[in-house]
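Undergrad: All chains should be modelled from the sequences, with the hints used to inform the complete structure.
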Amino acid sequence: MLIPALHVYAQGPDAASPALSATTVPEAQQVQPADLAQMLKSDTAVRPLVVQVGSHVMFAQAHIHGSVFAGPGSQTAGLQLLAKAVASIPKDKLIVIYCGCCPWNHCPNIGPAYKRLRDLGFTNVKVLYIAHNFGDDWVAKGYGADKGE
Amino acid sequence: MPFLKYLRRTTCAVLLLAAVLCAQEPLDLVHKRAPAFVRKDLTGRRISLKHYRGKVVLLNFWATWCAPCQVELPKFEEWQRNLGGQGLQIVAVSMDDNAAPVRRLVRGLRLDFPVVMGDARLGDKYGGVLGLPVTYLIDRDGKVVAKFKGETDLDVMEGEIQLTLHK
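As they're listed, the protein sequences go chains A and B. Take 3 as the starting number for the first sequence in my numbering and just add one per residue. Take 10 as the starting number for the second sequence in my numbering and just add one per residue.
Since the hints were made in silico from the structure, they are not lab data. Don't take every hint at face value.
Each computed BS3-like pair below joins lysine-lysine, with the alpha-carbon atoms no more than 25 Å apart [said to hold, decoys possible]: (1) B:K176 / B:K49; (2) B:K156 / A:K149; (3) A:K149 / B:K158.
TA: Here is the structure:
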């Protein structure tokens, strides 16, 4: 049961609108965890910049090895951090963003972060598809995670 | 000598593999004592999990940006009101990065149970809170009897609470 009014109140003025939910990311731009894990292990594959666009508390507990924090995507300050993180990156660089705070269709961070990168002119942005949460879909699968800042 | 070297290397490899595999295993707290913690809630009151021994505690990890959490919180407030007299105590741990939005939401929802700010350290104690919501049901002896992850059927959760209250 969803209480729409409460939902809007709870998220505040920076909330991602329904139009910017993770479900707005085209399927062609989504990458599955197993595929990203393989890409990161490979010596020959193009190495992406991996950016966590969710909560810093979650990032500090566990994040993809080598990823940087630049979130949360649902907040103005988080999007500014994201813009700063990619300021000197070539526009055709492969960037993979992820969150995993909650189930994919409820994530408030991915949609706005993806849009911001596209608006900044980045042409090669992918999104890690996390169906349930980062713990179950990445860490528990043994794909490799670091702790801390 | 070559055989001993081989044996040493193989043993080291096996031990390393075991360590890596163990590192991937999430901490399962069900049937174990809930890890103790002491935090100040949003009003500055000292909240110690041990203080609630003798009550049934619903320990909920949530955040203001978590949509499923927003469905649960009003229900938790209702349960606290209706079942508090039977020994239920709800304690909510916000995993937001800062307290300002949490205070706003708690005020708006008129939540009457303790809300504390969590962090990576507390999340780690509870096996890694790597997705929200996560809720632990803790019995009167301080043992975790159930864990609810993600969107949960609240009728099922309430059923477990009732069972635990009347155990």
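Undergrad: Verify the proposed pairing of K176 of chain B with K49 of chain B, using a straight-line Cα cut of 25 Å.
TA: The hint is violated at about 30 Å.
Undergrad: Is the hinted pair K156 of chain B and K149 of chain A satisfied, with a Cα-Cα distance of at most 25 Å?
TA: holds, 23 Å
Undergrad: Hinted pair, alpha-carbon criterion (25 Å max): K149 of chain A, K158 of chain B. Please report holds or violated.
TA: holds, 21 Å
The structure shown violates just one earlier hint, number 1.
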